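Colleague: Once you've looked at the hints, dock chain P against the given chain R.
Protein chains in written order, with my numbering: chain R, 1 to 318; chain P, 1 to 367.
Just so you know, these hints were derived from the structure itself, not from any lab. One thing to keep in mind: the hints can contain errors.
[Said to hold, decoys possible] Mimicking DSS-like on lysine-lysine, the simulated pairs with C-alpha atoms at most 30 Å apart in a straight line are:
| id | chain 1 | residue 1 | chain 2 | residue 2 |
| --- | --- | --- | --- | --- |
| 1 | P | Lys-71 | R | Lys-228 |
| 2 | R | Lys-209 | R | Lys-228 |
| 3 | P | Lys-112 | R | Lys-228 |
| 4 | P | Lys-153 | P | Lys-57 |
| 5 | P | Lys-57 | R | Lys-142 |
| 6 | R | Lys-142 | P | Lys-71 |
| 7 | R | Lys-228 | P | Lys-129 |
| 8 | P | Lys-153 | P | Lys-65 |
| 9 | R | Lys-209 | P | Lys-361 |
| 10 | R | Lys-67 | R | Lys-99 |
| 11 | P | Lys-153 | R | Lys-228 |
| 12 | R | Lys-99 | R | Lys-88 |
| 13 | P | Lys-71 | R | Lys-209 |
[What the hints assert, rightly or not] Below, a sample of chain P positions facing chain R; criterion: calculated Cβ distance under 7 Å:
| id | residue |
| --- | --- |
| 14 | Ala-50 |
| 15 | Leu-52 |
| 16 | Ala-72 |
| 17 | Ala-73 |
| 18 | Met-79 |
| 19 | Pro-99 |
| 20 | Gly-334 |
Small disclaimer: the values here were computed from a predicted structure and weren't measured. Heads up, the beta-carbon is just placed ideally off N, CA and C, and yes, glycines get one too.
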Amino acid sequence: MAAVRTSSEVAFNRAAIAAVLVATLIFLAPIYWIASTAFKPKELAVSVPPTVLFEPEVTPFVRLFTKRVQMQKPVDPQVYEAAPWWEKRIYDGGERVLKVGKDVQLSQYPDRFTNSLIVAVISTVLAVGMGTFTAYGFSRFKIAGEADLLFFILSTRMLPPVVVAIPMFLMYRMVGLNDSHIGLIILYVAFNLSFSVWLMKGFMDEIPKEYEEAALVDGYTRMQAFFKIVLPEAATGIAATAVFCFITAWNEYAFALIMTNRRAQTAPPFIPSQIGSGLPDWTTIAAGTFLFLLPVAIFTFLLRNHLLRGVTFGAIRK
Amino acid sequence: MTQIELRGIEKFFGAVQVIHNLNLAIADNEFIVLLGQSGCGKTTTLRAVAGLETIDKGDILIDGKPVQHLKAADRDIAMVFQSFSLYPHMTVFENVAFPLRATRMSSGEVDKSVREVARVLRITDLLDKRPSALSGGDMQRVAIGRALVRRPKAMLMDEPIGALDAKLREEMRAEIKRLHVKQGSTTIYVTHDQIEAMSLADRIVIMHEGFIQQVGTPDEVYSHPANLFVAQFVGSPVMNIAEARVADRPGAASVTVGGAPAGFEFPHRLLSKLNGHSNGGLTLGIRPEGVLVRHDAASGYMPVEASIIEPLGSFDIVDLKVGSTMLRARTKAGYVSGPGEKVHVRIDPEQAHFFDTASGKSLGVRL
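Just chain R, with the same shape it has in the complex (with noise of 0.2 Å):
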């Protein structure tokens, strides 16, 4: 490469950052509407041309984690005044929060949140867990046949999932497994798995057989190398391979669908079901969409270093 760059080299590199930006822009517009959504006044939301600037609300989280009906006559001037201030956003609002004695009653929000919290963290947990450890078998053992067998477990990911939807419904359904969270943890393992033990192996035939070599020479059983050597220097893989069965499990939509209705419903089938009856409240499912998009930006943010590939390769020379 030249040394001094020439003026057709400069104008394509602006060329290129300018494209990096517009494509940017293009897809943080989303989120960037789901956000300002969510701190929308009510009437703002749906308004053409859409507000840009007005004043940033709570009130449509307060009615995603509470039950509301409408109310028929205006609210007792004493009652209101008496209200914390969340209260009173509702009943700004012609609505009432619901109340048994004096506990106000919450939305199911919350609960499909906390389902999907936990299908999503076990089932990222057991993929990733077993993943590494089959990985860890195909990479340094000889096993016979290991060509067919990663083969057939790649396979697993060939068909569409709705495709096997309605029989796997109705096998749950025979066995008990439909709406409970185990029946979905067993689902996004199947379905992650395939993808974990392909990225482990990959990350794994990277760690020099060598490692674990020298720790079975100094006195380790091959268990204790694998914890001691393996895992700290998979680390990176894990991470990568974690934050894909996260994603993948978190938002999944078509299973969670079929298979859960009450008990074990995640987020994802739950928010559009908002929608439902009469004048959708645009406000309060973006902020239910707000808040579920979180958990994976923080756990993606919290394992950035780890997806940084290379930062732990090196030491060894080849």
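Modeller: Just chain P now, kept in the frame of chain R:
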């Protein structure tokens, strides 16, 4: 303290036999070098001793006890790998301490042992660094430290300095020698570099295609190569090999190579020593320093033409056309001025080796 004995070792990879009936006894404190080209079975042998590779037949004895069924961890042997195998996620201290962490040693003792080894290897100021921050030589010092810290029964080294550049390799070679002299432990060292082997070994084991070709001190394998393979593998520049015919001349023997019109003059007793091997199936081996070159004619010298000259600094290698074959001679730098120059050549009978062409075996004839 530690003797290692290999008895009748055989090893197959699938249908391919990589080690053939290997027998070797290694004495306490001995520095043994397994020397050979890649694929000769030297590394497999080493890994079998370490317990990283199973064997199909034979016994591996450490201090008289068979260990071939023991796991690597239970053999009390340390190994240094060509790739160093330092754990990137640990500091140098933790890397060196790693073998001790597998024992019940208290952390105070671990600390003491690590610092002692670090002092010997001069890596004390590196203890807090990560392996990725080290130079190649320091990485290898740390790897050796990790092997030494446990005071193992034996040290195994698999091309430990093969990945370093030439200058560093020389430095580390001297360092390994110094360490061995100082610490003294039974060592098996694998390399394909004959200079390393010559300079480090008490005894060299030369392997080829899964067979031991010769076991001997560096001087023995250099001066008395057991066969053509060893003769050409050990020594640089490589020994000249040529089909030879020996004829009886009055008062002398005449050795002809490459169908040259005249032969080189040898003492007459060569004939009786060769004892019938004189015609057909005889190969002469002569190292370039045994090919003597001079400008002017003298008795016993044959006029030849210089072909290629390789200047190597302190000396030159000159290719001389003798009949249809080339003999490489080692001369003083600049002694032969250029290709085409006419010089006179003689073979020093005392440096000549004779081999049976068919079997490649040395006839053991030295004058």
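Colleague: Does each hint fit the structure? Answer for all of them.
Modeller: Going down the list of hints, with the structure as the test:
no. : hint                  : verdict
1   : P:Lys-71 x R:Lys-228  : holds, 18 Å
2   : R:Lys-209 x R:Lys-228 : holds, 14 Å
3   : P:Lys-112 x R:Lys-228 : holds, 23 Å
4   : P:Lys-153 x P:Lys-57  : holds, 24 Å
5   : P:Lys-57 x R:Lys-142  : holds, 21 Å
6   : R:Lys-142 x P:Lys-71  : holds, 18 Å
7   : R:Lys-228 x P:Lys-129 : holds, 19 Å
8   : P:Lys-153 x P:Lys-65  : holds, 13 Å
9   : R:Lys-209 x P:Lys-361 : violated, 40 Å
10  : R:Lys-67 x R:Lys-99   : holds, 8 Å
11  : P:Lys-153 x R:Lys-228 : holds, 24 Å
12  : R:Lys-99 x R:Lys-88   : holds, 15 Å
13  : P:Lys-71 x R:Lys-209  : holds, 17 Å
14  : Ala-50                : holds, 5 Å
15  : Leu-52                : holds, 5 Å
16  : Ala-72                : holds, 4 Å
17  : Ala-73                : holds, 5 Å
18  : Met-79                : holds, 4 Å
19  : Pro-99                : holds, 4 Å
20  : Gly-334               : violated, 39 Å
Checked against the numbered hints listed earlier, the structure breaks hints 9, 20; every other hint is satisfied.
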